[in-house]
Every structure is written in C-alpha cells, then in structure tokens.
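Using the sequences plus the hints, can you model the full thing?
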Amino acid sequence: MSNVIDGAGNATNAPAAAAKTMIAVERINSYYGDSHVLFDVSMAVREREVVALLGRNGAGKSTTLKTLAGVIHPRSGTIRFEGAAIESLAAHAIARLGLQLVPEERRIFGGLTVDENLELAAFSAPDALPLGEIFAIFPRLRERRGSYGRSLSGGEQQMLAIARALVRRPRLILLDEPFEGLAVNIVQNLLDVCRALVAAGQTIVIVEQNVRAALSLASRAYVLNNGHMVFEGTADELQASPDVMNRYLGV
Amino acid sequence: MSMADGRRLARWVPELAMAAALVALPFGFDAWLGSVDLFTRILIWGIFGLGFDLLFGRTGLLSFGQAAFYGTGGFVTAYLLTGNVLDNVWLAMAVGVIAATLFSVFVGFLALRRIGIYFAMITLAFGELSYFLENSPLSNWTGGENGLPGVPAPTIDLAGLHYSFAGSWPSYQLVAGFYFLGFLFARSVVLSPVGAVLTAIRQNPERAAALGHDIGAYKLAVFVLAAVFAGCGGALLGIFQSYMPPDAFALDTSGQLVIQTVIGGAGTLIGPTVGAAIWLLLRDVLQQVPAIGDLWKFILGFVFVALVTFLPNGIVGAVMRWMAQLWPRHAAGAGGTRHVDAAAREALLAPLRAKTAPGAAPHFALEARDVRKAYGGIRAVDGVSLALAEGAFHAIIGPNGAGKSTFLRLLKREETVDSGKIILHGADITAADVTAAYQYGLAKSYQINQLFPQLTVRQNLRIGALGRQRGRWRLDVFRGAESFAKVEAVVAALLEELDLTACADLVVNTLPYGEKRRLELGLALASQPSVLLLDEPLAGLSPSEREGVKQLIRKLSEGRTILLVEHDMDAVFELAERITVLHEGRVLAEGTPKEISNDPLVREAYLGGLAP
Amino acid sequence: MPTLAQFLSQAFNGLAFGSLLALIASGLSIILGTLGVLNFAHGAMFMLGAYTAFVVLGHWDSFAGALALGALVLLSVGWATERGLIRYYYSRPKEDQILVTFGLGIMMVEAVRYFFGGLSQRVPLPSWGQGIVNLGFFIYPLYRVEAIGIVALLLLGFYLLLYRTRIGLVVRAGIEDPLMVELLGTHVRRAFLAVFCIGAMAAGIAGVIYAPLAAVIPNMGEPFLVQCFVVVVIGGLGSFPGAIVGGLVVGEILSLTTLFNPAYAQAAIYAVMTLVLIVRPRGLFGTMGRA
Numbered sequence: 001m002s003n004v005i006d007g008a009g010n011a012t013n014a015p016a017a018a019a020k021t022m023i024a025v026e027r028i029n030s031y032y033g034d035s036h037v038l039f040d041v042s043m044a045v046r047e048r049e050v051v052a053l054l055g056r057n058g059a060g061k062s063t064t065l066k067t068l069a070g071v072i073h074p075r076s077g078t079i080r081f082e083g084a085a086i087e088s089l090a091a092h093a094i095a096r097l098g099l100q101l102v103p104e105e106r107r108i109f110g111g112l113t114v115d116e117n118l119e120l121a122a123f124s125a126p127d128a129l130p131l132g133e134i135f136a137i138f139p140r141l142r143e144r145r146g147s148y149g150r151s152l153s154g155g156e157q158q159m160l161a162i163a164r165a166l167v168r169r170p171r172l173i174l175l176d177e178p179f180e181g182l183a184v185n186i187v188q189n190l191l192d193v194c195r196a197l198v199a200a201g202q203t204i205v206i207v208e209q210n211v212r213a214a215l216s217l218a219s220r221a222y223v224l225n226n227g228h229m230v231f232e233g234t235a236d237e238l239q240a241s242p243d244v245m246n247r248y249l250g251v
Numbered sequence: 001m002s003m004a005d006g007r008r009l010a011r012w013v014p015e016l017a018m019a020a021a022l023v024a025l026p027f028g029f030d031a032w033l034g035s036v037d038l039f040t041r042i043l044i045w046g047i048f049g050l051g052f053d054l055l056f057g058r059t060g061l062l063s064f065g066q067a068a069f070y071g072t073g074g075f076v077t078a079y080l081l082t083g084n085v086l087d088n089v090w091l092a093m094a095v096g097v098i099a100a101t102l103f104s105v106f107v108g109f110l111a112l113r114r115i116g117i118y119f120a121m122i123t124l125a126f127g128e129l130s131y132f133l134e135n136s137p138l139s140n141w142t143g144g145e146n147g148l149p150g151v152p153a154p155t156i157d158l159a160g161l162h163y164s165f166a167g168s169w170p171s172y173q174l175v176a177g178f179y180f181l182g183f184l185f186a187r188s189v190v191l192s193p194v195g196a197v198l199t200a201i202r203q204n205p206e207r208a209a210a211l212g213h214d215i216g217a218y219k220l221a222v223f224v225l226a227a228v229f230a231g232c233g234g235a236l237l238g239i240f241q242s243y244m245p246p247d248a249f250a251l252d253t254s255g256q257l258v259i260q261t262v263i264g265g266a267g268t269l270i271g272p273t274v275g276a277a278i279w280l281l282l283r284d285v286l287q288q289v290p291a292i293g294d295l296w297k298f299i300l301g302f303v304f305v306a307l308v309t310f311l312p313n314g315i316v317g318a319v320m321r322w323m324a325q326l327w328p329r330h331a332a333g334a335g336g337t338r339h340v341d342a343a344a345r346e347a348l349l350a351p352l353r354a355k356t357a358p359g360a361a362p363h364f365a366l367e368a369r370d371v372r373k374a375y376g377g378i379r380a381v382d383g384v385s386l387a388l389a390e391g392a393f394h395a396i397i398g399p400n401g402a403g404k405s406t407f408l409r410l411l412k413r414e415e416t417v418d419s420g421k422i423i424l425h426g427a428d429i430t431a432a433d434v435t436a437a438y439q440y441g442l443a444k445s446y447q448i449n450q451l452f453p454q455l456t457v458r459q460n461l462r463i464g465a466l467g468r469q470r471g472r473w474r475l476d477v478f479r480g481a482e483s484f485a486k487v488e489a490v491v492a493a494l495l496e497e498l499d500l501t502a503c504a505d506l507v508v509n510t511l512p513y514g515e516k517r518r519l520e521l522g523l524a525l526a527s528q529p530s531v532l533l534l535d536e537p538l539a540g541l542s543p544s545e546r547e548g549v550k551q552l553i554r555k556l557s558e559g560r561t562i563l564l565v566e567h568d569m570d571a572v573f574e575l576a577e578r579i580t581v582l583h584e585g586r587v588l589a590e591g592t593p594k595e596i597s598n599d600p601l602v603r604e605a606y607l608g609g610l611a612p
Numbered sequence: 001m002p003t004l005a006q007f008l009s010q011a012f013n014g015l016a017f018g019s020l021l022a023l024i025a026s027g028l029s030i031i032l033g034t035l036g037v038l039n040f041a042h043g044a045m046f047m048l049g050a051y052t053a054f055v056v057l058g059h060w061d062s063f064a065g066a067l068a069l070g071a072l073v074l075l076s077v078g079w080a081t082e083r084g085l086i087r088y089y090y091s092r093p094k095e096d097q098i099l100v101t102f103g104l105g106i107m108m109v110e111a112v113r114y115f116f117g118g119l120s121q122r123v124p125l126p127s128w129g130q131g132i133v134n135l136g137f138f139i140y141p142l143y144r145v146e147a148i149g150i151v152a153l154l155l156l157g158f159y160l161l162l163y164r165t166r167i168g169l170v171v172r173a174g175i176e177d178p179l180m181v182e183l184l185g186t187h188v189r190r191a192f193l194a195v196f197c198i199g200a201m202a203a204g205i206a207g208v209i210y211a212p213l214a215a216v217i218p219n220m221g222e223p224f225l226v227q228c229f230v231v232v233v234i235g236g237l238g239s240f241p242g243a244i245v246g247g248l249v250v251g252e253i254l255s256l257t258t259l260f261n262p263a264y265a266q267a268a269i270y271a272v273m274t275l276v277l278i279v280r281p282r283g284l285f286g287t288m289g290r291a
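Residue numbers (the working numbering), protein chains in the order written: chain V, 1 to 251; chain B, 1 to 612; chain P, 1 to 291.
Quick caveat, the hints were computed from the structure, so don't treat them as lab data.
What you are looking at is a predicted structure, and each value in this text was computed from that prediction instead of being measured.
The C-beta atom is built at its ideal place from N, Cα and C for all residues, glycine as well.
Just to be clear, a hint being listed does not mean it is correct.
Stated by the list, open to error - Label-pair distances were calculated between CB atoms; the ranges are:
| hint | chain 1 | residue 1 | chain 2 | residue 2 | range |
| --- | --- | --- | --- | --- | --- |
| 1 | B | I448 | V | R212 | 27 to 35 Å |
| 2 | B | D294 | P | L160 | 36 to 44 Å |
| 3 | B | V285 | P | R122 | 31 to 39 Å |
| 4 | P | R280 | B | P290 | 54 to 62 Å |
| 5 | B | A427 | P | L284 | 36 to 44 Å |
| 6 | P | I278 | B | L91 | 32 to 40 Å |
| 7 | B | G34 | P | L284 | 55 to 63 Å |
As the list claims (entries may be wrong) - Pulled from the structure, derived: some chain V residues nowhere near chain B, Cβ distances all over 12 Å:
| hint | residue |
| --- | --- |
| 8 | G98 |
| 9 | A122 |
| 10 | Y148 |
Claimed, not checked - Dumping the calculated SDA-like pairs for lysine to any residue here, alpha-carbon to alpha-carbon at most 20 Å:
| hint | chain 1 | residue 1 | chain 2 | residue 2 |
| --- | --- | --- | --- | --- |
| 11 | B | K594 | V | N246 |
| 12 | P | K94 | B | P205 |
| 13 | P | K94 | B | Q203 |
| 14 | B | K594 | V | Y248 |
| 15 | P | K94 | B | N313 |
| 16 | B | K421 | B | E390 |
| 17 | P | K94 | B | G116 |
| 18 | P | K94 | B | F310 |
| 19 | B | K555 | B | G514 |
| 20 | B | K594 | V | P242 |
| 21 | V | K20 | V | T234 |
| 22 | P | K94 | B | E206 |
| 23 | P | K94 | B | L311 |
| 24 | B | K594 | V | D243 |
| 25 | P | K94 | B | T309 |
| 26 | B | K594 | V | G250 |
| 27 | B | K421 | B | F364 |
| 28 | P | K94 | P | G84 |
| 29 | P | K94 | B | A306 |
What follows is the structure, given as structure tokens:
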C-alpha cells in the first residue's frame, strides 16, 4: 500500500512488509540536565529508507539524533538497532555497530589533514571503504587531501564530514542539518550525492530545517514540535497538508 | 527572647567559642607538651590560613604562591628591625604588611587575568620567583640562605604600663591576639555582602558578573586580603622565632598551606588552623615512632590524597555537615516568611529608572543600529537594526543559525560588537560591559539555567538584588549580607511573585526543573530591570509548566519592555506585539504577528530554499 | 664582556638544558591537552627517572639499561597513577585534579627520601660520555653534546609518535574534539592511559639523562616543574611545537643571562612569562582544546 520512492524519483510499488525495520525508537524521554526535551518520542526506520525528521529549531530534532547516537542517554524508552538494544550503550560502541552520526557544525578536526580525518574514521571500521571510492564520490576532496581541516570551505567540510561517515560503511547514517549555511549550488551537489547513496541502498535519517531539500530526498517524514512527535507519514502526505506544514514548520 | 534576638546572638557564637578556646587551649598544650609554643606556631599558620581560606575556600581561587606574601611580610619586617631602620616593632610590622599588599596587587593583576589551571601555574611561578629573589639578588637585605636572626618582639608602652611580648607565653598572647582579630575580620567578611558575592563567584562567575557585580575587582580584593593575612603571619613568625627563615618563601610553604587547608576543610575559616594542628602534631608525634620516623610526611601526603578523594570538605567540613544533619537549621528563621501583598509587590518590583540619565528625551527603550559580529569568516550578525518602544513586547524568531542567540548576547553586552550601536533609554551602551548593562537596568534570563547551585533560592535572588542596590563594587565588609532592608523586601516580593516561597530556603541543586526555571527568571527580575531579555524561557518545560510561565511572562510585561527569543511559535504569537524575523544574521522581516504569518518571504525562509 | 668561546659555551648549555625542558614539557603538555589534567607530580616523575639512573649506573655502566629501566619504572608509575586515581578525577573540577597530583608528587618525593635519604647522590657519567670535545671555537663537555643528541632523537621519536602513528592521531584529534573521536568509533578514554604513561615516561627519561649532570636529591624536580609551567605558558597549553620552542627559549634565556648576571637568570624567564601573559595570553602556539 505504501509508495516507495527510489533514488531516481520513480515510485515503485513495493510491499511494505518486505523491508526490515532497521531502527525502532519507542517512547524515549531525553533531558539536557533536568531540562525535559523529548516527550515519549517514537519513530521507526526501515532498511534502504530515507526518513526526514523535521521541525523548527528547538523542537528536539538534534536531540533525537544525539540520543540515537548515544551522545545523550534517554531516561526512559527503548531504542533497538538491528535487533539490539542500544539506549544505554556508549557513543563509540554504537558507532561500531554501524550507526553513524554526522553532527551539525560538521566538527572537522581543524588541525588534521583531510587524509588524517578519513584515516581516523577508518580505525575501528573492519572493512573500511577504500579512499579511492571516497574520492570518486567527492572528487573535490582528492584535490584537497593534504589540506588542514581548518582551511576547508563550508561545503568542503560538509563533504568531508559525510565522507568520514561513509568510510565506515555504516548501516544507518544520521545527517544533522547537512545543508545549513551552504550555498544553493553546493546543497544541490550534496543532494545529488545523497540520491546516489540512496540508490545504492543506504539508509538515511536526515534532520533539516530546509524542508524542501529534505523532502526531495525522503520517502517518509516525522515532524517534531516542542519535543512531541506531531506528524508521521509519507513525504507526499506531508506536502499535501499545508496546514501541518505551516503550523509546525512555518510561522 | 524573640526569634530575631536569638538569631542576632547566634551570629556571635563562633567568635565567643573562639575566644574561649584561645584562652583555655594553651593551658592544655602547656600541660601536655610542656610548652605553649606549638600552639603559637599553629596559630601563625592559622592566620596565614584565614586569608587563604577566603581566597580558595570561599572564592575558589587556588593559589600555589602565597608564600611570596608570607615571606615578604616577614622579611621586610625583619629587615627593618635587624637593619636598624626602625625601632618600633608595630610600625615595622605595618610596613611589612603594606609591602606584602603592594606585591600582591602586582601579582594579582597579572595572575587574575586567567583562571583555574593558569592561575595556579602563575601564582606558583611568582612564589618561586620571590624565593629566588630572597636567596640571591636581594641577599644583602635578606641574609640569603641564612635568613635574618635577632628579630625583636614588640612592646606596649602606655600610661606607665610596660609589657614586652618576648618569651613563650607573651609570644602566644601576641599571636593569639592577632589571630582573634583576624578571625573577627574574616567572619565579618564572610557574613557580609562581599562574602556573598565571593561565594557566587566561586559557583558561577559569569552569572555573578551578569548580575551586576564587578568580579574582577572582587577577586583582586580577596587576593590582596589574603596577602594581608599572609604578610601578618610572616611578620609574626619572625618575631616568634626571633629569626626569619628563608624557607618562608619556599614552594614547600605554599604547598603546606594548601595541604593544611584541604585536610582541615576549605571554606570553614578554621579549617586551615585545624589542618595545621594535625600537620604539626602528626609531624612531632609520628617522627618519634621508630617504625615511621622520616615517613611522617609521606603519611601526611597519603592522608591528603585520601581526603581530597573522599572527603573534599575536609575534617571540619565533614563535622559541620554531620552537625547540620543532627540539628537542621530552622528555615523559617532565615529572613522570615513575610507575606507581601499584591500592591506592595507591584511597588517593589516596578522597574527602576536607569542610573544614567539620557541627554535628550529617549524615543525607544532599546535600540540596535546596524549591529555586526563575525567569528572568523562567519558573519553571525550581519547588520541588524531593531527598535523597541517603551513597554513593548517584541519577539525575535528565525531558523537555526539565524543569529538570534548571538544578537541577544551582544545586546546584554556579554560580547563586544564589531560595529554598530546599542542604545538603552537614549544612552549609548555599546562600550559597556555585562556588569554595567545590568546596572543600567538591562537584564537577561538564560536558555540554560545559570544559577548558583549550592545556594538557596533566597540567597540566589539576594545576589541579584544586591547587584542593583549596592552597585558593581563595594567593600562593605562590616555589614551583614541580609542587612539591606530594600534588598530583603525585593527578595520576599520575588519569592511570592514566582511562587517560590515554599522552597525559599532549599538549596537550588535539589529543586525540580520547573522551580529552577522560575528562579532563572527571578534572577533577571531581581535588578528591577526596565528592559528584560528572555532567551527561550520555555525551553525544557512540560506543556502544563509552559502555561504557567507564559502567564508569568505576560504579567511581567506590564510596565516593562520585553524582548523574547522563542521557538514555541504558539507562545510567540500569543504574547508578542511585534516580531522580527532573522535569517542568516540579517533582518528578513518585521511586523505584527499577523503580517509575519502572512509574509511569503518568511514562509520560504522557514521551509527552505531561500537563496542567500 | 664575555668572550666568543664563553658565549658559545653558554649557548650550547642553553641548547642542552632547553631541549631537556622541551622533552619534559612535551609530556606535561600532551597530558594537559588530552586529559585536561595539570600534572603537579610531573617534577617528581622526572626525579624518579634520575634516581633510577643512580641505581643502575651505580652498579653497571649501562646507559641503555638506565634508560630502559627508567622508562619501565615511569611506565608502571604512570599506569598505576592513571588507573588507580586520576581516572576518577576526570569529571571533577580542575582544582581537585591539581590537588591530587600535587599530593601524589609529595608522596613520591617523600618515599624516595625515605629509601635513599635526603643527601645528594652523584651519578657517574657513562664511560662514553667522559671527557671533553673540541668544537672549534671552544671546548665543551662531551656528555652534554651527547645529551643534546639523545634528547633530539627522543623528541624526534615523540614527534613521530604524535604525527605518524594511530595513537598519535587519536591524541591530536582528541585534544581538539574528544566527542567527535567517540562518534567515529574510537574510545578516547582508553587513549588517556597511553597518553599519561607517555607523558610520565618523557619526564622520567629526561631525568635519566640529566642525572649525571647535577646533584640527585629528592626534590630536584621542583625547579623543573616550575620551569615547565613557564615553558607551557610561553609555548601554549596542549601544544607539542609550543613545548619545543618554549623549552628552547627558556633554556637559552637562562643560560645566556647567566653569562651576564647569574643572579638574574631566573628572574629573566619570569619576566618573559609575564610579558607573554600580558601581550599574548594564549602563548606562541595557542591552545588546542582545554585550557
């Protein structure tokens, strides 16, 4: 019954049950100190899906991703990743299980070269993606291999941040505001890269304030408001509900 | 006897107990050890430690170089007397202490620019420098490795009475006299508004500064005060021993002070004295035990490490905590829970007019003119202009990275602007610092609670109210922190307004989040600001708590100018009269809520796809 | 007015002493940058190295043996310290960390005083280090030249460790952004142990090398601790290049001012430190991460 949109934008009818659930989040409550930020948030992502997590800033989108990645631990609720309960695992352990967060602000190591950034990412990955393939996806990074992270432009840093994640061949990539502060042409470039990844079967959760960009990539969407999940549906369904869009995403 | 009388007497109990101890204990030492000298030595360390406890225990500044001032006081005094420059011992002592004070102003000015690790390193370096100076270049005056022998004791020559403080018991009397005076003074400082501010600086220095206190000045003051005590102790050491030893300047001396303070208990004033007693007694006792002998210092080091790990408040601190559990202080006594009626509350909390009177009649309460701020290559705020009319309720919204938080920080003067102007009630405050902004009536409540976690709610609010009533800097060490009637009245009114009376005397880090958030608002209100900046006041609140805080904000807005940053759009549209939308550091739109919600440009910015 | 020979001789002294300081300060700096801990026991660790040399070189003329044993002793001490105590302090305030390392330093010094006594010990020069060498303009003690060489090699090794190995990469990244290192699957805390041990070994090996040059007494590490702090303030906290440059600068200032007025040599380095604090508080090479 559900429409699955493949990377090329073609709708194919695939039985919903065929795709396995990769990550299932059940009623998590997250706090910063004792500030209650996420209230009984639930969501699920299936294999090979692209899911958008939307909402105004302050809604809790980044907090959700940080909770999934183990940066924050929820006070209640469960997170099952490929069957394993991960809500109490440390961040490095979760990364090793194949869940890779690309944090907002990219967090490139400024004092390390592009090569070293990628090398560090490959350390704990048993079958890391060869650099050749990385540079095939991001030719610009090959040109800048020897440059220090701090001398890269915003767009190059975002490429490097995504490349670092790809090196580890993650089962699931969490992209936190990947297009923030980037020029339109670079955003388009990155979107193309993402589409290619999706076509190759990568599972992605994308948090973005740029709703248009996110929905051009995603097949399903969740919307958060003040820490509560207020909408769940396909990207089409969301775009067809201007009142939802305005109430929770607009002004 | 009334409750208030009881409390007034209770304040003097420690002083009375101390006087009794100083009279009685020496006899015990004399009987047990055959001489009172050890106790005298303990008290000299105690004087040194009273000042250090104000510096480290109360304000949190860990200095490893206090020996510099101990030695300076001692050697200047000793030199003046043994070099036949001065005859009068009291005068020589005074000069010695003044020398230590001047030295500390110099060192403090340099060392206090940094905190934590840097501060410890710099003070240690200066301590070593002074040790070196004593040993070598200045050895003609200091006797170098040999020190200065023959330091005389002071005498009193008054109305026919002649008393010399030479000898074992007279030395004790001299030192005990100074110790008692020092204790009285230190107690007074601790109980004064200065003491309250120092405690606040230890727990949250940035907020203390934002609440109108000149923390740089207070830190320098306590650093100098510690040096005064140190210099006094050094001078007394020379007199007591009739000899001024060079190791008064040594790192060992600074280190011993730190160890004794930690063992005894930092922040208790008598902790360093107790620590000194333990150190000196253990040294004398343990060394006699054949199996231990020279290992006594190792054992003390081990005890020190164990105490830092398990009993960070030291022995006196642990005892005081235990006593507090046995006999909890009655909360009602502190300040009293006066009920403040609504009319009085309004009067008490009405905005205070700014202290700087503007020249021309001001048109706007707060204005920003083409403000810019960049970090590296990123232009966080790129030419934002804003004008708030008196009494207006204005909100700023915008997508992530729009520059809202930075803009608020610039307005509150927490950061300097690169260019542009900020004008409060017609006065240009662009160059003012965060402390001055508070004094002018501009206050901010923070997105993440910035409270003083180990103080009670009442004490937190008092710090805020003291800032406005007392000004940024005052050395009023002889009055009680609770002696400002106006301050106490404002605090009582705030407690009622914020519905915090029930938990007024509970320590903040035991409170639930909702109460803390209201206290956060209260701290901003304590200055009775005319312009109030609210940074995401609803962050982290449950839906029901949100309602409560929204009501509170609506009430606060009467008679006040408010600038609100929020992501809760419902709240923004309910409360604000005008809205400014920021996008990528620039103003995208401004207007009434209706205008903004209908603006296609704003919609595009929020939904994405807007070309930069 | 000093002669050229005297000047060059002192300049070489400055190089010898300065490179030694650079080695000790490098250890202090990476511990500070990675763990955020200011190790007040660092001087005591230097002293432990010197006493190891005293024990070894007093019985066998094996400098290599002294170096190896010194490294081993400090590796064990570093391991025990980090695992047994320091790691419980990472989330405690900086002042507590300073206090506990300060206490540990005292314990180390007093333990050595108990076992070896407080009198100064003499450590013999290794057989290949005795005598003098003619350096053209002036003659100079052979061992000091060799010491410069050994320290240079060790600093090179340190550099290779930091810039050419996995652990070095983790350390450099961890100084900048430990959370991001965790997100990339590497448990940074495990690296803390290695860093602390490496830092301790750097101090200890420096102690071994220094031992034949001066009196070996229990609190010989004290002046080095203070000078290390000056180096780190000048060079910049957490910076390896800063520790090297800072060390050489301090060493040369000490040596060259001694030439003109020995009494003011120490004062000179504090003057420079004061200048740096006023003009450029973050030091020559800035801070990368915690300070």
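So, going through the hints one by one against the coordinates:
1. B:I448 <-> V:R212: 27 to 35 Å: With a Cβ separation near 32 Å, B:I448 and V:R212 satisfy 27 to 35 Å, so the hint holds.
2. B:D294 <-> P:L160: 36 to 44 Å: holds (43 Å)
3. B:V285 <-> P:R122: 31 to 39 Å: holds (35 Å)
4. P:R280 <-> B:P290: 54 to 62 Å: holds (56 Å)
5. B:A427 <-> P:L284: 36 to 44 Å: Holds, at about 41 Å.
6. P:I278 <-> B:L91: 32 to 40 Å: Since the Cβ atoms of P:I278 and B:L91 sit about 35 Å apart, the hinted range of 32 to 40 Å holds.
7. B:G34 <-> P:L284: 55 to 63 Å: Given a distance of about 58 Å, which is inside 55 to 63 Å, the answer is holds.
8. G98: holds (28 Å)
9. A122: holds (29 Å)
10. Y148: holds (14 Å)
11. B:K594 <-> V:N246: The given pair, whose Cα atoms are some 13 Å apart, holds under the 20 Å limit.
12. P:K94 <-> B:P205: Holds. P:K94 to B:P205 sits at ~15 Å (cutoff 20 Å).
13. P:K94 <-> B:Q203: holds (14 Å)
14. B:K594 <-> V:Y248: holds (16 Å)
15. P:K94 <-> B:N313: Holds, because 16 Å separates the two Cα atoms, which is no more than 20 Å.
16. B:K421 <-> B:E390: holds (18 Å)
17. P:K94 <-> B:G116: holds (7 Å)
18. P:K94 <-> B:F310: Holds, because 16 Å separates the two Cα atoms, which is no more than 20 Å.
19. B:K555 <-> B:G514: Status holds; Cα separation ~18 Å.
20. B:K594 <-> V:P242: holds (18 Å)
21. V:K20 <-> V:T234: The hint holds at about 17 Å.
22. P:K94 <-> B:E206: holds (17 Å)
23. P:K94 <-> B:L311: Distance of about 17 Å is within 20 Å: holds.
24. B:K594 <-> V:D243: Status holds; Cα separation ~16 Å.
25. P:K94 <-> B:T309: holds (13 Å)
26. B:K594 <-> V:G250: Distance ~13 Å between B:K594 and V:G250 Cα, so the pair holds.
27. B:K421 <-> B:F364: holds (14 Å)
28. P:K94 <-> P:G84: Since the Cα atoms of P:K94 and P:G84 sit roughly 18 Å apart, the hinted pair holds (cutoff 20 Å).
29. P:K94 <-> B:A306: holds (17 Å)
Taken one by one, the earlier hints all hold for this structure without exception.
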